[in-house]
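Listed here are the chains, written in short residue letters.
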Amino acid sequence: MNAMLNTFQQADHPVLPKADADERARQEFTKSLKGFVQSGLLPGLGPVFGARAAKHFEREHGRAPADRHDIRKAMLVDPYFQTYAATNRIAQELLWDSVIDSIERQLPALEAEAAALSATARAPLETSPDFATPRYVTALDIHCMPGGYAEPGGIAAGALYDRGVYLYSMGYMGPTNDDMGRSVANYIRRRMPDFQPTRILDMGCTVGHSTLPYKEAFPDAEVIGIDVAGPQIRYAHARAAGLGADVGFLQRNAEATGFPDASFDLIVSHILLHETSGKAMPAIMRECHRLLKPGGVMIHADLPPFNLMDPFTQFILDNETWYNNEPFWGAMREIDQIALARSVGFAEPYFDTAPMAIMEFAAAAESYTEEAAEALAEREFTAGEYAPGGGWEVLIGVKS
Amino acid sequence: MSLRRDARGKRPQFYADPAMDQAMSMIMVLAEEYSALRDRLDTVERVATSAGLAAAIEAYEPPQDVLELREARRQAFLSRLFYLARKDATDAAENSSDASFTATINDIAKG
Numbered sequence: 003m004n005a006m007l008n009t010f011q012q013a014d015h016p017v018l019p020k021a022d023a024d025e026r027a028r029q030e031f032t033k034s035l036k037g038f039v040q041s042g043l044l045p046g047l048g049p050v051f052g053a054r055a056a057k058h059f060e061r062e063h064g065r066a067p068a069d070r071h072d073i074r075k076a077m078l079v080d081p082y083f084q085t086y087a088a089t090n091r092i093a094q095e096l097l098w099d100s101v102i103d104s105i106e107r108q109l110p111a112l113e114a115e116a117a118a119l120s121a122t123a124r125a126p127l128e129t130s131p132d133f134a135t136p137r138y139v140t141a142l143d144i145h146c147m148p149g150g151y152a153e154p155g156g157i158a159a160g161a162l163y164d165r166g167v168y169l170y171s172m173g174y175m176g177p178t179n180d181d182m183g184r185s186v187a188n189y190i191r192r193r194m195p196d197f198q199p200t201r202i203l204d205m206g207c208t209v210g211h212s213t214l215p216y217k218e219a220f221p222d223a224e225v226i227g228i229d230v231a232g233p234q235i236r237y238a239h240a241r242a243a244g245l246g247a248d249v250g251f252l253q254r255n256a257e258a259t260g261f262p263d264a265s266f267d268l269i270v271s272h273i274l275l276h277e278t279s280g281k282a283m284p285a286i287m288r289e290c291h292r293l294l295k296p297g298g299v300m301i302h303a304d305l306p307p308f309n310l311m312d313p314f315t316q317f318i319l320d321n322e323t324w325y326n327n328e329p330f331w332g333a334m335r336e337i338d339q340i341a342l343a344r345s346v347g348f349a350e351p352y353f354d355t356a357p358m359a360i361m362e363f364a365a366a367a368e369s370y371t372e373e374a375a376e377a378l379a380e381r382e383f384t385a386g387e388y389a390p391g392g393g394w395e396v397l398i399g400v401k402s
Numbered sequence: 451m452s453l454r455r456d457a458r459g460k461r462p463q464f465y466a467d468p469a470m471d472q473a474m475s476m477i478m479v480l481a482e483e484y485s486a487l488r489d490r491l492d493t494v495e496r497v498a499t500s501a502g503l504a505a506a507i508e509a510y511e512p513p514q515d516v517l518e519l520r521e522a523r524r525q526a527f528l529s530r531l532f533y534l535a536r537k538d539a540t541d542a543a544e545n546s547s548d549a550s551f552t553a554t555i556n557d558i559a560k561g
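Line by line, the protein sequences are chains A and B. The opening position of the first sequence corresponds to residue 3 in our numbering, with each subsequent residue numbered one higher. The opening position of the second sequence corresponds to residue 451 in our numbering, with each subsequent residue numbered one higher.
Each hint should be verified, as a subset may be incorrect.
Computed cross-link-like contacts, DSSO-like style, restricted to lysine-lysine with a CA-CA straight-line distance of at most 30 Å [stated by the list, open to error]:
hint	chain 1	residue 1	chain 2	residue 2
1	A	75	B	537
2	B	537	B	560
3	A	57	A	75
4	B	537	A	57
5	B	460	A	75
6	A	281	A	295
7	B	460	A	281
8	A	75	A	295
Since the hints were derived computationally from the structure, they do not count as laboratory data.
Looking at chain A on its own, in the form it has when it is part of the complex:
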């Protein structure tokens, strides 16, 4: 990745906040800084741990660090780790702040544009002022995004998420931030060629980044995105209309969606489960099983469990819990997801890898150079880097 020059640029659409020259330069800086933390600082953590932090821990405790908790103790006092973690956090804070500037400057115009676009769309938009947003979404501002997903207001939180997440992911998700949905949709078409879903539900869809690729892959299907955050849903609906996609967005809770039994052929989610809770995650799995028709497929693209990786990798990943307001990130990785899926009725749930669709972007957008896309697709998985090399972990369950 060191050699890769990341000049990825987000594709414009009518409700995307537009940056002026200085805002854009600051946003580019935060993206560069995140990239540098990953390629310039992250690789030093291993040597620093091996050469001194582990030895220091051993002198103090009379034993070697045994698990990720010990490693964390050893590293917290190390100045190199302090600089790595502090800089990563600061990059995250600067990123959101640089986008808020753009939004504050043009919010009334964006709101008007969103309302006009939504009015032209055929697909439904449903939000409710009385909606009870679950505590796991409101207690902390996840990803340190000021206000969080569900900050009351029209579409501001959706606009902040759309632009912010593009910078957060450094463009690794493609010009429309849709790599996860695109990758899973590709996976379905290639690995389940006879599966033709006619009703598709995307749970925890936020602004619909990953939802839209399903409409592209299955143009005859009815595609619906649900999320607990009203501003995300409103923005998603306008964004989809602006991009010419006929996709419905409803403010619903994935734990209890309100849809009748056997409503869907395909239910997907992308990085949703780790933003829920110990009680919500099993409830969501149960709801998936209830909502699927017989033969229907559930696919959750999220985080692989900790027991599949070594303690140092676990430690690096767990930094998200502590420094990026990801309260369920660590606990979620301790859950036996296969056993959970089985317990709600899926006979043979399994993990697989959906290859990243990144190479497709090289053909579609100039800033996604062939070279950079290749470097991204072919790298090995490295803990602490955004997005895996190669592909996304998917948990799959088929309803009997």
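Given chain A, put chain B in place with the hints provided.
Same frame as chain A, now just chain B:
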């Protein structure tokens, strides 16, 4: 219209002295602003010859070769900014320490 600027959730303290956390964040804001200024200056230089300078700056869309140039410059700048962290990691990887440094001096004094 003003949006919330602070994320809910206690901010972690990374350094032993909380003043160092503040200093580090201020340094990074300065770095951000320096980088933004460099981008603006670069744009100014590129559009200076054309009419309607200010509007042209706002409207300027950097082409791919300029995107690459700017990103390479930002990464080079960050490498310079973090040169001590790099040195620290290199020392760790090469088992270079105060003890090995002193040992070398002692060795050379004798040899």
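Checked hints:
1. Straight-line distance between C-alpha atoms of residue 75(A) and residue 537(B) comes to about 23 Å, which keeps the hinted pair within the 30 Å bound.
2. A distance of roughly 28 Å separates the Cα atoms of residue 537(B) and residue 560(B); the hinted pair therefore holds under the 30 Å criterion.
3. The suggested pairing of residue 57(A) with residue 75(A) holds, with an alpha-carbon distance near 12 Å, which does not exceed 30 Å.
4. The hinted pair formed by residue 537(B) and residue 57(A) meets the criterion: a straight-line CA distance of about 19 Å does not exceed 30 Å.
5. Between the alpha carbons of residue 460(B) and residue 75(A) the distance comes to roughly 19 Å, so the proposed pair stays at or under 30 Å and holds.
6. At most 30 Å may separate the alpha-carbon atoms for a hinted pair to count; residue 281(A) and residue 295(A) meet this at roughly 24 Å.
7. For the suggested pair residue 460(B) and residue 281(A), the alpha carbons sit about 24 Å apart, so the restraint of at most 30 Å is met.
8. Distance check on the hinted pair: residue 75(A) and residue 295(A) sit about 48 Å apart at the alpha-carbon level, beyond 30 Å; violated.
Checked against the numbered hints above, the structure breaks only hint 8 and satisfies the rest.
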